[in-house]
Every structure is written in structure tokens, then in C-alpha cells.
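*Asks:* For the protein sequence lines, the chains are A and B, in the order given.
Last residue of the first sequence: number 299 in our numbering, and the count goes up by one each step with no gaps.
Last residue of the second sequence: number 263 in our numbering, and the count goes up by one each step with no gaps.
Source of the hints: derived by calculation from the structure; they are not laboratory data.
For each residue, glycine too, the CB sits at the ideal point set by N, CA and C.
It is possible that part of the hints are untrue.
Claimed, not checked - Only pairs whose alpha carbons sit at most 30 Å apart, straight line, appear in this in silico DSSO-like list of lysine-lysine:
no., chain 1, residue 1, chain 2, residue 2
1, B, K24, A, K125
2, B, K260, A, K111
3, B, K260, A, K59
4, B, K260, B, K32
5, B, K29, A, K138
What the hints assert, rightly or not - Now the in silico label distances, taken between C-beta atoms and shown as ranges:
no., chain 1, residue 1, chain 2, residue 2, range
6, B, K29, A, G37, 50 to 58 Å
7, A, T54, B, G229, 53 to 61 Å
8, A, V161, B, Y96, 54 to 62 Å
9, B, Q21, A, V161, 31 to 39 Å
10, A, E230, B, K29, 52 to 60 Å
11, A, K277, B, Y96, 50 to 58 Å
12, A, L75, B, I206, 27 to 35 Å
13, A, T54, B, I171, 53 to 61 Å
14, B, N174, A, E221, 47 to 55 Å
15, B, C4, A, S57, 44 to 52 Å
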Amino acid sequence: MIVAEGLTKYFKDLVAVNGISFTIEEGEMFGFLGPNGAGKTTTMRMIQCVSPVTSGSLKIFDMDSISHPREIKSLMGVVPQENNLDMDFTVYENLMVYSRYFDIPREEAEKKVEELLDFVQLTDKRDTMTESLSGGMKRRLILARALVNQPRLLILDEPTVGLDPQARHMIWDRLRLLKKNGVTVVLTSHYLDEVEKLCDRLVVMDYGRILVEGSPSSVIEEYVGSGIVEAENYPELLECLNRREASYEVIGDLVHIYTNDPQQIAEYLTMKCPISKMSARPATLEDVFLRLTGRRLRE
Amino acid sequence: MRACDYFALPGVSSKSLKVWQRNKDVFMKDIKLNFLPPFIEPLLYLVALGFGLGRFVETIDGVPYAKFIAPALISISVMYASFFECSYSSYVRMYYQKTFDAIIATPLTIEDVIAGELLWGATRSVINTTVMIPVIALFGLIDIRYSLLIIPFAFLGGLLFAAIGMCFTAITPNIMSINYPVLLFITPMFLFSGTFFPLNALPEIIQYFAIAFLPLTHIVNVIRSLGYGILELSLLFDLIWIIVVCAILLLLSINMMKKKLIV
Ligand SMILES: Nc1ncnc2c1ncn2[C@@H]1O[C@H](COP(=O)(O)OP(=O)(O)O)[C@@H](O)[C@H]1O
Ligand SMILES: [Mg+2]
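Could you put together the complete structure from these sequences and hints?
*Replies:* Put into C-alpha cells, the structure is as follows:
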């Protein structure tokens with residue numbers, strides 16, 4: 001569905017995407033994770049054929065993104081990072097005007113728009129100007145707008161950012177439904193728990209490069225192990241861990257110990273080390289994310 | 001981008017009409033409000049200048065003052081309508097409303113979008129002209145036979161000023177800065193293009209400057225001839241000037257916007 005090889009993007013001297021390669025299969029849900037400035041949006045914009053590739057190759061639907069932008073765009077739906085609904089129109093008109101850009105005949109568009117308004121539960125807002133919609137409604141409307149041309153591929157750049165849990169769950173629920181209907185979904189997100197639950201495969205990006213690729217569970221397994229034991233940070237504890245050659249990370253006054261067998265480590269610690277408090281939990285994608293991209297604040 | 005790239009033929013498709021249609025739809029939403037200015041403004045000028053000031057002015061080239069300025073008012077409206085549409089209004093759509101971003105995610109390209117904006121700008125000029133001509137004709141200030149030709153000509157003149165507006169949109173760092181081309185280019189044209197007094201009242205060097213660099217001069221010449229109902233060969237020069245400059249600026253404006261927006 002999408003094949004990128006050595007995909008690179010420069011903004012003047014700044015390299016935003018640095019020679020990444022990936023393949024996205026038809027029908028899968030694929031996530032791009034990474035801290036701010038990692039190059040996710042830039043990658044999405046190249047896939048959307050709105051930002052030219054500096055070097056490398058990018059094929060979508062077996063067509064080159066540089067030579068066939070119109071054809072590719074006609075088969076694709078886009079939810080951009082930044083809301084860009086048409087403020088001059090109502091909810092209904094937004095979808096109708098957008099359908100026109102895809103040359104969808106009026107009657108067909110009217111039917112499709114009704115269907116989509118229902119799909120994102122905005123039917124009773126149809127005559128509202130978009131400015132007066134809430135953040136969640138705007139995002140839902142943009143999702144509906146991305147679907148007017150019945151795309152085979154849906155690109156979403158942080159579709160749920162800034163939304164309350166209800167709105168977020170609704171969008172994720174809709175995405176699952178689309179996937180079930182065979183739509184290939186590519187998204188970026190900061191909500192790692194949701195990516196973990198929903199994506200078949202993902203990559204973690206940082207500084208324009210791909211750090212890891214795989215299914216959520218395999219990535220967790222590979223980079224942190226299945227479990228994490230959190231304990232309070234004492235110098236004696238670290239010594240104790242070093243003796244055992246355990247894999248751990250100090251985070252302020254906490255220590256994260258990465259393991260595939262939390263119970264064993266916990267037993268070892270209670271028996272052999274001076275420890276006051278600790279707890280064990282399953283590892284998450286967030287642990288992988290922080291482990292790979294560091295805890296320093298970005299931008 | 002090399003210098004000659006700015007004059008490359010852009011790949012504009014008929015899809016640019018969808019952008020035109022979008023803008024038309026927005027215009028039609030406030031149709032009553034949008035029709036008022038082109039209706040009221042010439043009336044104000046005609047009353048104040050044509051009939052007020054005009055009483056103290058001798059005829060110009062044997063023509064009463066009101067009749068002299070009536071075609072100029074139409075020309076100015078052609079200029080204002082498309083220039084403001086493709087400067088302030090396009091800038092708002094591009095920068096604040098992100099309309100262009102939304103559209104280029106569809107099969108339309110940025111070239112289509114800008115071409116649609118330019119066509120719409122020219123259409124605004126046509127709309128204004130169409131509203132003004134009957135009003136002015138009602139006062140008997142223009143020749144009815146030829147004045148209908150002003151309407152298609154307003155499209156050409158509109159395209160020219162649309163392209164000028166779009167070039168400034170492409171280079172302006174923010175919306176307030178569009179005030180500078182208005183102050184330094186549009187307003188001088190409003191006054192010194194043979195609009196309210198004949199060009200030959202000015203020093204010769206300024207006359208040549210106006211003919212060489214002020215597009216409104218040529219628009220006024222053409223519309224005034226059509227308004228008087230007198231067609232002279234010299235109009236051909238004005239027409240060619242307009243077509244050539246318009247073609248160059250259309251290419252330039254689309255390529256400049258492309259360079260600004262596609263990164
Ligand atoms: N239009 C642009 N011009 C210059 N630099 C840009 C532009 N867009 C993004 N960048 C830079 O490219 C890098 C990647 O940005 P982006 O793709 O937006 O990251 P992400 O979406 O992962 O947060 C950042 O350093 C950002 O500042
Ligand atoms: Mg981003």
C-alpha cells in the first residue's frame with residue numbers, strides 16, 4: 001500500500017526526515033510514534049503528496065508520490081494535525097463543498113454526507129457554522145470530511161490530540177470500524193496506550209529516523225521486557241542491581257527495573273537488598289517510548 | 001528556484017473552477033451585503049465629485065466632469081474588487097482559515113487553488129462592473145451601446161489586478177504589511193491614472209511613468225473610450241499592454257505562491 005525507501009526531507013539545512021524506509025500493508029493499522037519534532041508530520045505530509053520528497057522514493061498505491069499526486073490524493077483521506085475546516089461554511093456545507101473537490105456527483109454526495117454525519121454523530125449540528133463546534137466535534141467533522149471520497153487509505157496526524165476521553169474513544173471506535181471494512185489506516189499519536197491497543201504495527205521515530213519497528217507487543221518485549229518493577233532510588237539498591245546485572249533506569253527518585261520476570265526480581269530485591277517500597281506492573285509502549293527517546297523535554 | 005522558474009507554465013487544471021465555485025458560494029451567502037458597496041460607492045463619488053465639484057470644473061476635452069469621471073469610477077472598482085479579493089481576502093483564506101491547506105489534500109494542486117482564486121478575483125471585478133453600469137447609465141453618463149463591452153473587459157482588467165494582489169500576498173510577511181502596496185501603489189494609481197483629471201495635467205515624466213508602470217492608466221483609457229462610445233486605434237496599445245503584463249503577472253503570481261506554500 002505504501003512503500004518508502006530512504007525517504008528524506010530537508011527544510012533548507014534542517015533534516016526533518018532522515019532516510020527512513022518502511023512498508024505498510026493493505027488493511028493494516030499502522031502507527032508512527034515519536035516525540036515532538038521527530039518528523040512524523042513531515043512524513044505524513046509527504047505521504048499526502050502535499051510536501052515534496054527531497055530524496056528517496058515513496059510509492060503509494062504503486063504510484064510515485066511525485067509524478068501522480070492527483071491520482072493518489074483522489075484515493076486517500078486525510079485528517080491533518082491542524083484543524084482546517086472551512087469557517088465560511090456550515091457542517092453540512094463543509095462536507096458538500098469538499099465532495100466537490102473530488103468530483104463526486106451532487107446526489108451521490110448528498111447521500112454520502114448524510115451517512116457520514118450519522119457516522120460521526122453530527123447530524124444535529126448540520127447547520128452549525130464550524131467555528132462554534134467544540135474541539136471534539138471539529139475533529140469528528142474532519143474525520144467525516146476525510147471519508148467523503150470513500151478512501152482506501154486514511155492518514156491521520158494526531159487525530160485525538162487535545163480531546164476528552166469520550167471524544168477520543170469515539171474516534172478510535174470509528175477507526176476500528178473503518179479498518180474492519182478494509183480501509184488501511186496510518187496514524188500518528190501521543191496516546192500510546194491507545195496505539196498499543198489498536199495498531200497492528202508501529203514505528204518509533206526520533207530525530208528523523210526510525211528507531212524500532214514491529215507489533216506493539218514485540219516492540220515492548222524486545223526493548224523493555226514484559227514487566228517493570230518500580231522501586232525507590234537508594235544508592236545501595238543500585239549497587240544491588242548492578243551485582244545482578246539487572247537492566248534498570250533511574251528516573252529522579254524512582255528506579256525502573258526492566259524484566260521478563262517481575263516476580264523473580266521482586267523476590268531478589270526483598271531478600272537481598274535494602275528496599276522500602278516497590279511495585280510491579282506490566283510494561284507498556286510508553287516505557288519503550290521513553291526508553292528509546294529519552295526523558296528530556298522536546299520543544 | 002531559479003529566476004526563469006518564476007515564469008514557468010504552471011500545471012493548472014479545470015479543477016481550479018471548484019475553488020472559484022467555493023468562493024462564489026461564500027459570496028452568495030451574503031449576496032445582499034456584497035452587492036451594496038459597488039452600488040453605493042459610485043453614487044457617492046458621482047454626487048460629491050461629479051455633481052458637486054464638477055460645477056466648479058470646466059468641461060474636460062469638451063466633456064462634462066461627471067461624464068469624465070464616471071468611467072474612471074468603474075475602472076477603480078475593477079481594480080479594488082480584484083486587488084482586495086486576492087490580497088487581504090486570499091491572505092485570510094491562506095493563512096488564517098487554512099483553506100488552501102484543506103483543498104490541496106484533495107486531487108487539486110496548489111496551482112489549481114491559486115488559479116481559482118485569481119479567476120474569482122476577476123469575477124468580483126465583473127460583478128462590480130455589472131452592478132455599476134446600469135446605475136451610471138441611469139444618469140446618462142455612459143454610452144449604452146459600447147458600455148456592455150466594459151463587462152467582459154472588466155474580467156481582463158480584474159485578472160490583472162488579481163495577479164498583482166496575489167503577488168503581494170505571496171511576499172507579504174503578515175496581513176498588516178499589505179497596507180504598504182495599498183499605500184504606495186494602489187492609492188497613487190487611484191489618483192494619478194487619468195482618473196479624476198487628465199494625465200496630461202501632470203509633468204511629462206510622470207505621464208510616461210504612469211503609462212509604463214501604472215496598470216490603471218490603461219484600464220481607464222479603455223473603459224473611458226467605451227464609455228464615451230469612441231473607439232480609437234490607440235486602444236490597441238492599451239489592450240496589448242494589459243494582456244502582456246497580465247500574462248506575465250499571472251504566471252509570476254502562481255509560481256510565487258507555489259514557492260511560498262509548497263515546502
Ligand atoms: N515547514 C517547515 N519549515 C521548516 N522546518 C520545519 C517545517 N515543518 C517541520 N519542520 C521541522 O522539522 C522537524 C520535524 O517536524 P514534524 O514533522 O512536525 O515533527 P512531529 O510531527 O514529529 O512533531 C522539526 O524540527 C520541525 O521544526
Ligand atoms: Mg506533528
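*Asks:* With reference to the structure, classify each hint as holding or not holding.
*Replies:* Right, here's what the structure says about each hint:
no.: 1; hint: B:K24 <-> A:K125; result: holds, 24 Å
no.: 2; hint: B:K260 <-> A:K111; result: violated, 38 Å
no.: 3; hint: B:K260 <-> A:K59; result: holds, 26 Å
no.: 4; hint: B:K260 <-> B:K32; result: violated, 35 Å
no.: 5; hint: B:K29 <-> A:K138; result: holds, 22 Å
no.: 6; hint: B:K29 <-> A:G37: 50 to 58 Å; result: violated, 40 Å
no.: 7; hint: A:T54 <-> B:G229: 53 to 61 Å; result: holds, 59 Å
no.: 8; hint: A:V161 <-> B:Y96: 54 to 62 Å; result: violated, 21 Å
no.: 9; hint: B:Q21 <-> A:V161: 31 to 39 Å; result: holds, 32 Å
no.: 10; hint: A:E230 <-> B:K29: 52 to 60 Å; result: holds, 58 Å
no.: 11; hint: A:K277 <-> B:Y96: 50 to 58 Å; result: holds, 53 Å
no.: 12; hint: A:L75 <-> B:I206: 27 to 35 Å; result: violated, 58 Å
no.: 13; hint: A:T54 <-> B:I171: 53 to 61 Å; result: violated, 24 Å
no.: 14; hint: B:N174 <-> A:E221: 47 to 55 Å; result: holds, 51 Å
no.: 15; hint: B:C4 <-> A:S57: 44 to 52 Å; result: violated, 28 Å
Taken one by one, the earlier hints fail for this structure at numbers 2, 4, 6, 8, 12, 13 and 15, listed in ascending order.
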